[in-house]
Amino acid sequence: MNGAVEKTGSSPFVATLKRLLARTGLSGRTLVIAIPVLWLLIFFLAPFLVVAKISLSEAAIARPPYLPLWEWSEGMLIISLNFANYQYLLDDALYYLSYLSSLKISALSTLFALLIGYPVAYMIARAPDNTRNLLLMLVILPFWTSFLLRVYAWIGILKGNGVINNFLMSIGIIDSPIVMMQTDFAVYVGIVYTYLPFMILPLYANLVKLDESLLEAASDLGARPLTTFLTITLPLSMPGIVAGSMLVFIPAVGEFVIPALLGGPDTLMIGRVLWNEFFSNRDWPVASAVAIAMLVVLVVPVMILQRSQDEKEEAAS
Amino acid sequence: MSEPKSAAETRPWKDPAAVPFISIKNVTKKFGAFTAVNNISLDIYRNELFCLLGGSGCGKSTLLRMLSGFEEITSGTIEIDGQDMVGIAPYERATNMMFQSYALFPHMNVEKNIAYGLKRDGMGGAEIKDRVAEILKLVQLEEFARRKPGQLSGGQKQRVALARSLVKKPKVLLLDEPLGALDKKLREETQFELIKIQESLGVTFVVVTHDQEEAMTISTRIGVMNEGEIVQVGEPHEIYEYPNSRFVAGFIGSVNVFEGQVVDDEQDHVVVRSPDAGIDIFVSHGVSCAPNQKVAYAIRPEKISMSRDRPKDKKNVTSGMVEEVGYLGNLSIYQVMLESGKQIRVAKPNIVRLDEEAISWDEKVFLSWDGSAGVVLVS
Amino acid sequence: MKKLIVLGAAASVFAGAAMAQEQTLNIYNWSDYIAEDTIEKFEAETGIKVVYDVYDSNEVLEAKMLTGNSGYDVVVPTSDFLQRQIAAGAYQKLDKSQLPNLVNMDPDLMKGAETYDPGNEYSTIYMWGTTGIGYNINAVAERLGEDYEVNSWELVFDPEISGKLADCGISMLDAPSEMIPAAMNYLGLDPRSTDKDDLEAGAALLETVRDNVRYFHSSQYINDLANGDICVAVGWSGDVFQALYRAEEAENGVEIGYVIPDEGALQWFDMMAIPVDAPNPEAAHKFINFVMDAQITADITNYVWYANANKASMPLVDPDITSDPGIFPTEAAKARLWAAQVYDARTDRTVTRLWTRVKTGT
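Protein chains in written order, with the working numbering: chain A, 19 to 335; chain B, 11 to 389; chain C, 40 to 401.
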């Protein structure tokens with residue numbers, strides 16, 4: 019009996035599981051797929067629904083500080099959905115302007131990250147094998163220190179009596195410190211610096227696969243290096259550019275810590291507005307509505323982009 | 011417009027006054043301490059279909075890449091149509107290359123791939139369209155103009171690559187293992203297509219290949235390369251019938267080699283005493299060598315006759331035992347062990363279907379050949 | 040430091056083997072707001088193990104209180120925040136029978152705190168302070184003249200005067216419920232007004248000096264003032280004194296002063312309270328009673344330079360501190376202090392929105 023079990027290579031437990039699955043009409047494959055689906059349900063969909071739910075309730079001085087969406091009253095289920103929070107987002111230009119400002123800051127940061135990241139990724143992809151691993155290591159290295167620490171390091175570099183100003187003053191290029199801290203410039207520096215690896219890595223993964231004979235073929239057919247880059251390298255690396263840009267752009271839109279630490283008071287970002295709604299106004303419903311609106315603003319363009327990318331790929335295959 | 015004559019018809023290499031189209035002089039290429047191409051000099055004439063033949067790592071691809079401009083020359087000169095190529099970038103050269111991997115641009119359809127080079131020349135849209143249509147017709151791909159490379163078969167890709175490299179009407183077309191990725195049947199068909207296209211367009215082809223059969227089939231001339239050097243240049247039959255070294259003899263086709271020593275060295279014949287063969291081999295032409303020099307005698311399997319009875323009219327006759335018979339369809343290959351213990355191969359065409367009388371295993375046979383059947387190799 | 044505390048706790052547990060089982064007390068307090076040895080002493084005396092955690096804004100504390108199940112036993116919200124949190128049901132009533140040291144407290148100040156917690160039912164005062172002006176004495180004198188006396192909010196609210204100081208750096212608290220009333224007060228309006236026009240007027244004044252302000256932040260100014268990176272900060276009394284102390288320690292030549300302007304200033308109380316769902320309310324009462332001990336409170340004031348409300352502790356507090364009008368205001372100054380107004384949700388929103396406009400121009 020025991021020997022037979024060993025022969026089939028499965029323990030009694032697995033056998034029981036198989037029998038159970040067979041009885042319920044599920045296969046092992048369903049189970050394997052179920053795990054990531056469950057993961058998404060628990061860690062993405064559930065929190066999202068909670069936030070969506072709060073966004074439809076009404077703020078109150080209570081614990082938690084909003085009214086329940088539904089209650090039983092004399093045998094009646096009373097459901098009250100409050101869309102005023104969304105209405106509110108439309109009424110005050112602040113939200114709209116913050117979204118725009120966040121989108122602008124993220125878009126520009128993404129562009130800068132791309133302009134810096136592309137040559138770096140290209141160089142790493144074209145480096146000899148042994149140097150390449152070292153360079154990749156250097157790109158990932160900053161992740162070993164705390165994100166906050168790295169942002170604080172930038173304060174030390176950019177501030178009035180910081181590294182850059184002291185250096186420039188000591189060699190006599192400037193007489194008084196250049197104001198870099200608490201400006202949008204510092205915010206761009208912080209965001210680009212922080213998210214640069216997320217741009218470089220997908221670009222590298224794409225560029226390293228680029229067949230060098232394609233570049234030679236272009237050159238052979240009369241394309242100068244710049245033309246080769248624009249007509250071959252750039253279009254072929256588009257998936258890497260899109261992936262890298264998404265990885266930079268999406269978290270940058272909701273960024274709170276970097277503008278809070280490096281930005282000036284006039285750096286308007288949606289993360290800050292959300293913080294104000296949640297903490298200063300204690301208005302969890304409006305804060306949730308801001309978050310949901312931000313998700314919509316972000317997710318819809320991404321989905322459109324994804325769709326068009328998929329269609330392109332389908333057409334190609 | 012006069013019909014272009016193929017170089018094979020005019021044979022400019024036989025004419026000392028002919029001006030070479032591509033002139034390679036003392037070209038050396040080093041990668042660090044490694045010498046990939048060592049002091050090669052070679053002339054290639056207009057309208058030739060010249061094959062660089064050799065095993066992997068022999069330097070043939072490096073030589074081709076120096077012609078295309080992808081590799082710089084360490085020393086020496088290359089001239090194409092009288093123009094020195096030193097310092098001229100690939101995109102400024104009147105050469106085009108067909109890559110072994112085809113290197114088709116995956117994001118462009120067939121039409122755009124082919125038009126790519128024309129666009130770079132600043133050609134007008136209408137003219138590009140005509141030229142692309144023309145070349146697509148030549149390679150029989152009209153229906154596939156809108157497909158992307160990923161949607162094509164290997165043979166179709168090969169033809170797109172050919173079309174793309176030909177459409178600019180280069181002075182020289184460089185082909186790196188052009189048929190290497192195709193299966194055998196398709197390869198054989200394509201070989202003749204390639205010749206046809208080359209002859210109809212009158213473009214000079216330089217082909218790199220490791221496949222000696224392919225080289226034999228398509229070339230006007232072959233340059234056999236070994237360890238960065240060209241060891242022999244000649245027309246296919248010259249390379250086959252008169253290899254100048256053991257390397258060439260062994261590389262091109264199948265060959266039997268007998269070690270020996272020149273015992274009689276006359277103006278019109280020599281005799282090689284070969285313990286391997288068990289006889290003194292009579293060679294009906296003179297050989298420039300020292301007396302008593304150790305040499306090798308090379309003879310192709312199909313040049314040897316095999317019979318149960320000793321033939322009377324042949325100069326060279328030896329005998330052995332049939333060990334193996336390999337049936338290849340059009341011919342059979344026999345492996346015969348001579349009395350010296352040397353194993354040699356004999357090819358016999360299968361003239362009759364199911365020959366009951368055919369020589370078989372373990373039979374004693376006589377092997378014979380003429381004085382002109384083999385060559386003496388001094389190196 | 041924290042490690043030491045834990046070790047101390049372990050030692051006391053072994054020593055007090057009579058204790059039936061190990062108790063834990065979770066405290067959530069402002070950062071840099073307690074004497075170095077307070078926790079150690081409490082653990083030694085009671086054998087209760089303390090887990091001490093800190094925050095630096097009322098908003099963060101409030102989010103935790105309103106969410107519930109924070110796991111803390113003692114928290115220290117500022118009075119106006121406390122009032123709202125009480126209304127939300129975040130705290131439990133104190134069992135005064137367990138707090139014999141209440142007798143030490145100053146009845147006048149406890150009465151003041153009743154504005155927020157009628158009958159002092161839920162809380163007792165931990166420390167209190169004012170929101171005034173900290174300044175770099177030399178840097179201000181250099182720009183406004185040796186004779187200029189810093190005694191008015193005009194230093195920051197008069198565009199002409201603050202303009203002269205902009206180059207060396209002015210900071211303001213990133214706290215609209217403190218900054219806008221201060222501006223209203225300067226304009227002669229009631230700082231406790233919740234009238235929208237009054238609030239708008241205060242915000243408008245702030246906008247006129249906005250360009251002279253380098254940043255709005257509630258803790259960064261301590262370091263910057265001490266280093267000389269800024270020269271004027273609207274800040275909390277004890278924090279400015281910390282900056283003063285740090286500058287003295289660094290011997291960097293920066294001299295710092297703190298002033299409660301003649302126009303008046305906000306007076307606030309930080310209150311000890313016990314969350315309604317505190318895991319260990321018994322230990323919490325023990326800790327609150329322990330802090331109200333005259334010596335313990337005096338130790339804290341001597342360390343953090345904030346005023347306490349413990350009458351019995353006064354003789355034990357450093358005379359330099361008790362005599363400093365910036366920490367313990369004179370009777371005349373006391374009369375001009377105002378208590379923070381607790382806003383309803385709508386006013387909160389108005390104030391926050393005005394504040395965003397002040398800061399960003401949007």
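A couple of the hints might just be wrong.
Taking lysine-lysine pairs in the BS3-like style, the calculated list, with each CA pair at most 25 Å apart, reads [said to hold, decoys possible]:
#, chain 1, residue 1, chain 2, residue 2
1, B, K122, A, K227
2, B, K24, B, K35
3, C, K132, A, K71
Worth flagging that the hints you see were computed from the coordinates, not collected in a lab.
Broken hints, by number:
Failing hint: just 3.
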